[in-house]
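2 protein chains.
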Amino acid sequence: MTTTTEQLEQLTDAAAAAPVWRAAHAAERAAWLRAAADALDANAEELVVIADEESRLGETRLRGEVGRTSGQLRLFAAVIEEGAYLEIIVDDAEPAATPPRPELRRSLTGVGPVAVSSASNFPFAFSVAGGDTASALAAGNPVIVKAHSGHPRLSARTAKIVIEALTAAGGPVGSLALIEVREAGNALVQHPVIQAAGFTGSLGGGRALFDLASGRPDPIPFYGELGSINPVVITQAALDARADSLAQGLVASFTLGVGQFCTKPGVVFIPSGSGFEALVAAGLAEVSGGRLLTDRITESFPTDVAHLEGEPTTAVVGVGRAAPDGAARSIVLSVDASAVAANPGVLLKEVFGPATLLVRYEGQDDLLRALEAVPGSLTATLHSEHADDASTLDEVLAVLERRAGRVLFDGWPTGVAVTWSQHHGGPWPATTSLHTSVGATAIRRFLRPIVFQDAPERLLPAHLRDDALASLPHRRNGALQLP
Amino acid sequence: MTTTTEQLEQLTDAAAAAPVWRAAHAAERAAWLRAAADALDANAEELVVIADEESRLGETRLRGEVGRTSGQLRLFAAVIEEGAYLEIIVDDAEPAATPPRPELRRSLTGVGPVAVSSASNFPFAFSVAGGDTASALAAGNPVIVKAHSGHPRLSARTAKIVIEALTAAGGPVGSLALIEVREAGNALVQHPVIQAAGFTGSLGGGRALFDLASGRPDPIPFYGELGSINPVVITQAALDARADSLAQGLVASFTLGVGQFCTKPGVVFIPSGSGFEALVAAGLAEVSGGRLLTDRITESFPTDVAHLEGEPTTAVVGVGRAAPDGAARSIVLSVDASAVAANPGVLLKEVFGPATLLVRYEGQDDLLRALEAVPGSLTATLHSEHADDASTLDEVLAVLERRAGRVLFDGWPTGVAVTWSQHHGGPWPATTSLHTSVGATAIRRFLRPIVFQDAPERLLPAHLRDDALASLPHRRNGALQLP
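Top to bottom, those sequences are chains A and B. Take the position in the first sequence, starting the count at 1, then add 770; the result is the number in this note's numbering. Take the position in the second sequence, starting the count at 1, then add 770; the result is the number in this note's numbering.
Hints are not guaranteed to be accurate.
[Stated by the list, open to error] If you want a taste of the chain B side facing chain A, the calculated C-beta under 8 Å gives, among others:
| no. | residue |
| --- | --- |
| 1 | 1019 |
| 2 | 1178 |
| 3 | 1189 |
| 4 | 1218 |
[Stated by the list, open to error] Covered by chain A, per the in silico footprint, the following chain B stretches (three or more residues, Cβ under 8 Å):
| no. | stretch |
| --- | --- |
| 5 | 806–819 |
| 6 | 822–830 |
| 7 | 978–986 |
| 8 | 1135–1144 |
| 9 | 1190–1203 |
| 10 | 1225–1236 |
Treat the hints as calculated values from the structure; they're not laboratory data. Predicted model, so just to flag it, every value in this text is computed and none were measured. We treat Cβ as the ideally placed atom computed from N, Cα and C, and that holds for glycine.
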């Protein structure tokens, strides 16, 4: 892989911008992030039109996504202004200890320039100015984004708006750059200037980049979100209490955004002989299909569905309305839990698009055996009732907790709130790290600890001096302190 | 790589112990850790004798190291009892928000069984019951240790004592296991039961294990500490003020423990023409050599020194006292900064043992160019005086901060206090991650986030229920709360 002259210039600019971002006071960095957020909001109408032309996701959804994206930038501005993300720990010197202890002042600092590969399914929130970019900038790092080929014009326009806003607010040249060539992603994660990478996309593409990042002479952290089957377990008691609303909820969730959410429920465990299949089929029959995001997905969805249909153990439960030419038709299949446990590699492979698999279980042991075969996921869902035995549910939860980063109850996994508490991550292949890509703690991915020992005050970073500590959450001599 | 029947049994036991450790209350886990600490202290005299026979490190140093190791276990007991390590974040539901927000309760939980490869140079503190093991257990994970071939009898005896103590305190079978075959380390990091690995050792060995861990079908985090040159910069003003004590301090630091600390100062930048070389040579002439830890190091040290001596740009500044047969003789070499900048791959390669390299710089630019060539290190040290210009020092610090995890002033890097604030890590190859292997925050390596959405209280983990939150540091609806 080689880099073009233009890309080399972008990398050089990012390297030069890195110390400026790292050294900038929190208030300054927060102002830059808010300037980017304001610029997105101010240009929302123009951006939404381009985004809809390229992604077919609809203006209502896309307008909401712009708000989510600017809101995300503002959340990270608040995160860095508060300062707990610095994880400051101070231990005063103890000259009388054996051996004598020096003064140590620890905090987190930016890792350096970050490469971000954007996703097709969120052209704003997981793209040029999305969560990876916002958290990397907030952590004090310049960002180079590889544009997604699914929305090239939107990527270019968004980058121009955000770069101009950052510059107008006083940010350095090189704060953000866009690379538009598909192959450039590989060269980017291998380039010595790049110190970490964020990625949302397919297992195949993500694994390839992960291997390149890990295979460098100096490996860098690669934060990838690579795919998720998002298991749902429904108990008999839950079906007894609310089968109709469960069927409606499931159909709405797995067909939302034409089934192209990374938290789409892709496998649903139901008691055998419950008749739930018919309810789902009836609900699905009313649902119209839609066009998928890209040509690649348009090709892969029917192929992936055909693979599932071709398995001797599966049956089609129902389909959505006949879709217009080029659009995807939603589908639900079913299979027995014992078949899933025997053949998880095929039956529990993520299908990106509006498909889900109902898995019939014959009691707790059958259920647990099949759940053990579920690959790492972003989410796992349990629908139960108070009438269910708690220790029986605990056995199910013990498996779900090992399989997913977010365990949810009596709801549906699509919809990921951008909050302080959110965790959007999970065991491989859901993500490649022990971190989240959504929510306030996503910032931790692009920070590294550094400790100063016995530093003269004039040489300490400003935020580690005693006068600054008074207004920052920190730990001192073992005790947590709030401002 | 294959696993033996005994190793398979150990892995099965660890897998069975994992949910018990993960679910154990903090008080219970803390009691297990303290039982291990007490057992080490109670058997210290016997252990020290074996350790000295195998490591030649001397009983005084080894007795201190047992105290450090049991102290480390007790620090982690305190860490988990306090509970901030759980990083609990709760956001209450906001049904009126657009879209409505669910309740989310986030905390960290153990990743699962951890493999630890122990080091030769700290037969207690970085071995069977050392920092990796203590932090992995504290995080709620069983541990399988690969014994270091440099102290096999000590490893076996320590493991027996700790395992018995854990069992007597009520810990499950499989909490800790020891694997004694050298090749087993490879199979261990590749085994599906193992969810993370800790390692302290050579760049070559560490890189090989890192590649195996990253190359798994489901890659796992590999926390390696692989080598560090630990640059020291001395200004002219510092030499003017205290050249004698700097020379004594340097000699004491780089020959401590026969130069076998991972924080040994391996390269020292001094102003050209300062005459500091003669002071170091005079001090070194009084220093006796010592036997190195293992046959491998005994072989590699003179070879590595010969490589440095063979470079046309280097000169020998001085040597220690003639060493008895089989012992290492300390040595200091010197070179110009321009040569280092031109040939860092050879001149800045870590030499494990009592050797250091004085690098003469001709002013600030010459210094900065050479510093840019220094590989990632655990520490970087600046010796300066108030008379030095702050902005000149800031330029030097800007480079040192990017090169190291601990920046220290007017001291020496050997000696790593086990505290809340410590950071023992740094850019590759110092470590393979953005984490520390020493100090309270080392626990974060073996934890992953999990969030519960809209969970009925009876199905929530105990520490996330409202009544438990009152006594745990946490964040709720954005605001930090202390008990």
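Within the stretch 978–986 of chain B, is the number of residues with a Cβ closer than 8 Å to a Cβ of chain A three or more? holds (count 4)
Is the interface hint for residue 1189 of chain B satisfied, with its Cβ closer than 8 Å to some Cβ of chain A? Because about 5 Å separates residue 1189 of chain B from the closest Cβ in chain A, which is inside the 8 Å limit, the hint holds.
May I ask you to test the interface hint for residue 1218 of chain B with respect to chain A, counting a Cβ-Cβ separation under 8 Å as satisfied? 4 Å, holds
If you take the shortest Cβ to Cβ gap from residue 1178 of chain B to chain A, is it below 8 Å? It holds, given that the least Cβ distance between residue 1178 of chain B and chain A is near 4 Å, below 8 Å.
According to a criterion of three or more residues whose C-beta lies within less than 8 Å of a C-beta of chain A, is the stretch 1190–1203 of chain B covered? holds (count 10)
For the stretch 806–819 of chain B, do three or more residues have a beta carbon lying closer than 8 Å to a beta carbon of chain A? Contact hint for the stretch 806–819 of chain B vs chain A: violated, 0 residues under 8 Å.
Within the stretch 1225–1236 of chain B, is the number of residues with a Cβ closer than 8 Å to a Cβ of chain A three or more? holds (count 4)
Can you confirm whether chain A covers the stretch 1135–1144 of chain B, using C-beta to C-beta distances below 8 Å and requiring at least three such residues? Our answer is that it is violated, as 0 residues pass the Cβ test (under 8 Å) against chain A, missing three.
Is the interface hint for residue 1019 of chain B satisfied, with its Cβ closer than 8 Å to some Cβ of chain A? 13 Å, violated
Coverage of the stretch 822–830 of chain B by chain A (three or more Cβ within 8 Å): violated (count 0)
Hint violations for this structure: numbers 1, 5, 6, 8, all remaining hints satisfied.
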